[in-house]
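Here are the chains, one letter per residue:
There are 2 protein chains.
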Amino acid sequence: MKTTKSILALNAFEPGAAGIEDARLAGLVARRRSHAGAASVLFYEEPIEMVRASGVFMFDAKGNRYLDVYNNVPSVGHCHPHVVAAIARQAETLAIHTRYLNETVEAYADRLLASFPGELSNLVMTCTGSESNDLAVRLACSASGGTGFVVTETAYHGNTALTTEISPSSFKTGHIPPHVRTVPMPAGRPGDGPGDLARRFAADVGAALGDLAEKGIRPAGLIVDTIFSSDGVFADPPGFLEPAVAAVRAAGGLYIADEVQPGFGRTGAGLWGFSRHEVTPDIVTMGKPMGNGYPMGGVVTRPELIERYSKNFGYFNTFGGNTVAAAAGAAVLDVIESEGLIANAARVGAELRAGLVSLAARHAAIGAVRGAGLFVGLDIVDPESRAPDPAAASALINGLKRRRVLVGAAGPFGHTLKIRPPLCFSADDAALFVECVDAVLGA
Amino acid sequence: MKTTKSILALNAFEPGAAGIEDARLAGLVARRRSHAGAASVLFYEEPIEMVRASGVFMFDAKGNRYLDVYNNVPSVGHCHPHVVAAIARQAETLAIHTRYLNETVEAYADRLLASFPGELSNLVMTCTGSESNDLAVRLACSASGGTGFVVTETAYHGNTALTTEISPSSFKTGHIPPHVRTVPMPAGRPGDGPGDLARRFAADVGAALGDLAEKGIRPAGLIVDTIFSSDGVFADPPGFLEPAVAAVRAAGGLYIADEVQPGFGRTGAGLWGFSRHEVTPDIVTMGKPMGNGYPMGGVVTRPELIERYSKNFGYFNTFGGNTVAAAAGAAVLDVIESEGLIANAARVGAELRAGLVSLAARHAAIGAVRGAGLFVGLDIVDPESRAPDPAAASALINGLKRRRVLVGAAGPFGHTLKIRPPLCFSADDAALFVECVDAVLGA
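Protein chains in written order, with UniProt numbering: chain U, 1 to 443; chain S, 1 to 443.
Do not rely on the hints blindly, as some may be mistaken.
30 Å max Cα-Cα, derived DSS-like pairs, lysine-lysine [stated by the list, open to error]:
#  : chain 1 : residue 1 : chain 2 : residue 2
1  : U       : Lys62     : U       : Lys401
2  : S       : Lys215    : S       : Lys311
3  : U       : Lys311    : S       : Lys172
4  : U       : Lys311    : S       : Lys401
5  : S       : Lys401    : S       : Lys62
6  : U       : Lys215    : U       : Lys172
7  : U       : Lys172    : S       : Lys311
8  : U       : Lys172    : U       : Lys401
9  : U       : Lys215    : U       : Lys311
10 : S       : Lys311    : U       : Lys401
11 : U       : Lys215    : S       : Lys215
12 : S       : Lys172    : S       : Lys215
13 : S       : Lys401    : S       : Lys172
So the derived list for chain U, only partly shown, Cβ under 7 Å to chain S, looks like this [what the hints assert, rightly or not]:
#  : residue
14 : Ala39
15 : Arg52
16 : Arg99
17 : Cys127
18 : Asp134
19 : Thr160
20 : Asn312
If you are wondering where the hints come from, they were derived from the structure by calculation, not from laboratory data. Note that the Cβ used here is the ideal one computed from N, Cα and C, for glycine as well.
Same shape as in the complex, but just chain U:
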């Protein structure tokens, strides 16, 4: 049942399939394939030419309006005027790196760090989540003296060489390196009592650590996306990470919380996904929604970890923490606060999950509904066997697209709908989404 596809290929356009009728679209696809070659990934059975976007909506070249229930980078809403104005204002004033001082940059760093537990008082600004995780892994290695990592089976932590090593979902062939161990996704099972999932996940992590030790590989850490996005979205019960983190720390390793996907309010419970688990990470990494589309990322940790690494290596990031990034990042925090987006994510996310759960009575294809805030996983299963049904998930995704609703897939089988709209998603938007899922499944 394990798909041989990279998770990056889920919901991907397959050029070998039927031709594209629309000449303009066919021409764009041909140009894309000509210049991007084998690295090109386009969404949907028939790709979409997007021309503009606003709030929770995107518009294609024919003027069709799509409800965006997928894109987590424009997290406070596509082209949010407050963020756009901040970018434009700073770009026309000063766009420069951190080797000069600038109040906008220092103020953003102060403000961002204030949202973390006190001991996490240092921030390294980068350009992407990949750069953040790449540095975090090195910080963990130098602090622990180890090299071994434990990750989930369908983890994705970035596109650099180092982060690809800890991203089993990026491997199309071959094996992950010997210093990396995988554990199953933290999925609930029928009959689970309180604490069972947490104990099981910790036992899996413990076994992975034991196997590393047996091979003479000293552990450096456990890195998890705190909402397990690419595994299929696993959020509950809050706190289930704690025993696994205790196990890795007991073995001398560190806990890296990858907040690239859950961070900046999406889980509806504070800015950070890790806070739902009531254990402070050693290192936190950020990316995607940090600048609402402006390329920026960051690593937050304790000062001694950066000091330790910096004894051996210089680290400088030309674009990381540039003045425009800082202005964009501050504007994103402004909007999250002024529009109450964390509370909105909690409220609308709960309504969305309730709506999807209510559909299960009518549609046997609906399996589990999971998530926190506006990060929701919806399993599509075979109505009889209840086994994962990636083909049906794909049909639903493309059916939703024809109804002008955008969503994607996740999980080891590709049968989980990855539902993560902009955080300004309203109750009406959620109701419309549920209605469309209902209609496509009923068709």
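Assemble the complex: chain U is given as a structure, and chain S must be docked to it using the hints.
Frame of chain U; chain S shown alone:
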């Protein structure tokens, strides 16, 4: 004589030195050190708080205007209105990744690729030069089946784990990994005849390849910044790279041209530094000036290299090739063309070098003047022994700063002034710079 400092620490503020009198500046420095910790790098004996910039000028918080003879990211001029307008327009219209199609993105890819030799027909868009080189190294490894790399002794190719391995200048302690071999910078010597430097550099590369072979390490490639910036700027004679590239290819390796610093017109001879050497690279990487400050980078290569890598691994870059990056990149190409910046770099660069050479008659501290276009290296030496004098270079850099002129240091000894102003630098700007160097050295 080899400095133990990382090249990243050249011209760096040393907090242990004399206190900062200005209270506002002292406060900013304290905040920076508190949140950025050991990773913080600030320029100058006393850092500068910058507040705005325009064209070739930057302005500090007290209203002082500085002539920028250093910053190569805002390459078409600080806050160029055409680039700023393109960023603002696209950011308010659509800021999204490449899994949807968009004409702005496809048109930029077509236009950029048209500037390369025909066989280099694929482009992977990234966010930074580091991400570009990180991918390029993997492409070279998968295409060659090797892992060994040859780099220069003071090379810098990025801040990811993989690119740090091939960046000897980032190592403060310890040794570069066993699969990496270094060769001396391609410096001319007194008495060199035509072809001597090229033969010597190729012989060094050949010896490094031989040493790799002896240890059973199959070569993957030679990666060089085509103007050898961090080595101290080595541009001449044009074509000197050709025999070294032939040697690496004969050994089964590839040639990666790192255009992060010389690219986009700076050398005054076309868009790319490699073209001065009349040998087509297997892979070209781009970064810094690509978006005039907007974080973007790219890898250009032959389709089969991407195809080969993509058989084993998925690669997707969330921010790479986003619509705003494409708009920024296209605007940069517009300005390079409409303002004739390549010809300007050639003309003003030649005047600048001539002016500096003419100073040598009056100032024995001036050693060699090297470069191409607006990328110039100026060696500062002991007047008697002619040995590298990093302390005098540092004094000159800080003296120039007091005269409101910004410049930095490079090279294994830190005695080379790294001169790389925005490409709109005028003959008057060049004359002013020469005049200030004259004044500081005469003081």
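Status of the hints after comparison with the structure:
no., hint, in the structure
1, Lys62/U / Lys401/U, "14 Å, holds"
2, Lys215/S / Lys311/S, "29 Å, holds"
3, Lys311/U / Lys172/S, "7 Å, holds"
4, Lys311/U / Lys401/S, "29 Å, holds"
5, Lys401/S / Lys62/S, "14 Å, holds"
6, Lys215/U / Lys172/U, "25 Å, holds"
7, Lys172/U / Lys311/S, "7 Å, holds"
8, Lys172/U / Lys401/U, "27 Å, holds"
9, Lys215/U / Lys311/U, "29 Å, holds"
10, Lys311/S / Lys401/U, "29 Å, holds"
11, Lys215/U / Lys215/S, "26 Å, holds"
12, Lys172/S / Lys215/S, "25 Å, holds"
13, Lys401/S / Lys172/S, "27 Å, holds"
14, Ala39, "5 Å, holds"
15, Arg52, "5 Å, holds"
16, Arg99, "5 Å, holds"
17, Cys127, "5 Å, holds"
18, Asp134, "5 Å, holds"
19, Thr160, "5 Å, holds"
20, Asn312, "5 Å, holds"
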